[in-house]
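Novice: Use the sequences and the hints to build the structure in full.
Number of protein chains: 2
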Amino acid sequence: MAKRVTGPEIEKLIQLLAKVPGLGPRSARRAALHLIKKRDQLMGPLSGAMQDAYDKVKICSTCGNVDTADPCTICTDPTRDQSLVIVVEDVGDLWALERAAALNAAYHVLGGTLSPLDGIGPDDLTIAALVDRVKTGEVKELIIAVNATVEGQATAHYITDQLEGMDIKVTRLAHGVPVGGELDYLDEGTLVAALRSRTSL
Amino acid sequence: MAKRVTGPEIEKLIQLLAKVPGLGPRSARRAALHLIKKRDQLMGPLSGAMQDAYDKVKICSTCGNVDTADPCTICTDPTRDQSLVIVVEDVGDLWALERAAALNAAYHVLGGTLSPLDGIGPDDLTIAALVDRVKTGEVKELIIAVNATVEGQATAHYITDQLEGMDIKVTRLAHGVPVGGELDYLDEGTLVAALRSRTSL
Ligand SMILES: [Zn+2]
Ligand SMILES: [Zn+2]
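So the protein lines, in turn, are chains A and B. If you count by numbering that gives the first Met the number 0, then the first sequence holds residues 0 to 200, one letter each, in order. If you count by numbering that gives the first Met the number 0, then the second sequence holds residues 0 to 200, one letter each, in order.
Please note that a few of the clues may not be correct.
[As the list claims (entries may be wrong)] Straight-line distance between alpha carbons at most 25 Å, and here's what the computed DSS-like set of lysine-lysine pairs gives:
(1) A:Lys36 x A:Lys11
(2) B:Lys139 x A:Lys57
(3) A:Lys55 x B:Lys11
Think of the hints as simulated: they come from the structure by calculation, not from any bench.
Specialist: If you want it as structure tokens, here you go:
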């Protein structure tokens, strides 16, 4: 703004809110005003929850999940099949798969994908920890659920190579037509995969 | 989510972030993950700024602006023309007008518009305080900058009635074609107003 119109504390709040993904400078102002209007119902609790999460957040040293306990909620859940481990690029993917609630499994978060051009090699990911985890003999199947990108697939191949000779089943997500997807809008690679993996009705 | 995948503190943070305008449940999860990844650069400072704003936020008892000082930054700014007062519905409108930086004026925030159907009458707005402010004799012109809605216009008329007989100039925003607006997409009322208020080239 051209001139100061409010206190520096509120300007600071707006400036930091604008850095939250999903909020730009304009919606940060709208968000700040809403928080101020809902001072006791929202701003106070959110401020407290953020401080609480800030103080307690941990990365699970087993699987890489984000939690306030280490090992995390998933790794210590006795109702999950800890011998089935889904390998994902990051925590957002873990949460997305959990929303699908398809499998009652454990996870391993790689922290990204191999990307030589960006200087990201195997040591920047949790691949060694994954191999160690497999070596304990407690994991029976790894489902490689990386993104279907060039980097994702290269990472999947690298992991498979590292596990060569170990007694472990390694699978990957099926390719195919997204549920609700229109064929017209799909790329040819997806259509080829969907045809090859066709199932009987 | 079907099962708990992270600590209660992080779930609480996601749940509260989802109540911030501009963020829904899915983007709240993305925002929480981003905050956790940027724990020291963003989450800590934002948490502190929110607590700080929570502790210090005040509504200016003169104009209704949101600030950490009362009277506010605008009301105490000696470089502003305090005799020119722009009347707005809420603080978001005040900030929007300040971004335009068209006038170096003071403000009066009504806190909404008259809306009998929603049970909002004159006593729910700061109209009496506005009249008192005019009575001090320090205000020379009021620019009624309420929204061009039925409620906004009714509120403008009500205010004008209250000021009847007082020595004050009351104006309103011009109607017309928005800058960059295409005639094709404008309603007839706007086009009529733009034609009637046409200016010479
Ligand atoms: Zn874990
Ligand atoms: Zn003020």
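Novice: Could you run down the list of hints and mark each one as holding or not?
Specialist: Hints, verified against the model:
1. A threshold of 25 Å between alpha carbons decides the hint, and for Lys36 (chain A) with Lys11 (chain A) the separation of about 17 Å falls inside it, so the pair holds.
2. Straight-line distance between C-alpha atoms of Lys139 (chain B) and Lys57 (chain A) comes to about 60 Å, which puts the hinted pair past the 25 Å bound.
3. Restraint check for Lys55 (chain A) and Lys11 (chain B): the C-alpha separation of about 13 Å stays at or below 25 Å, so the hint holds.
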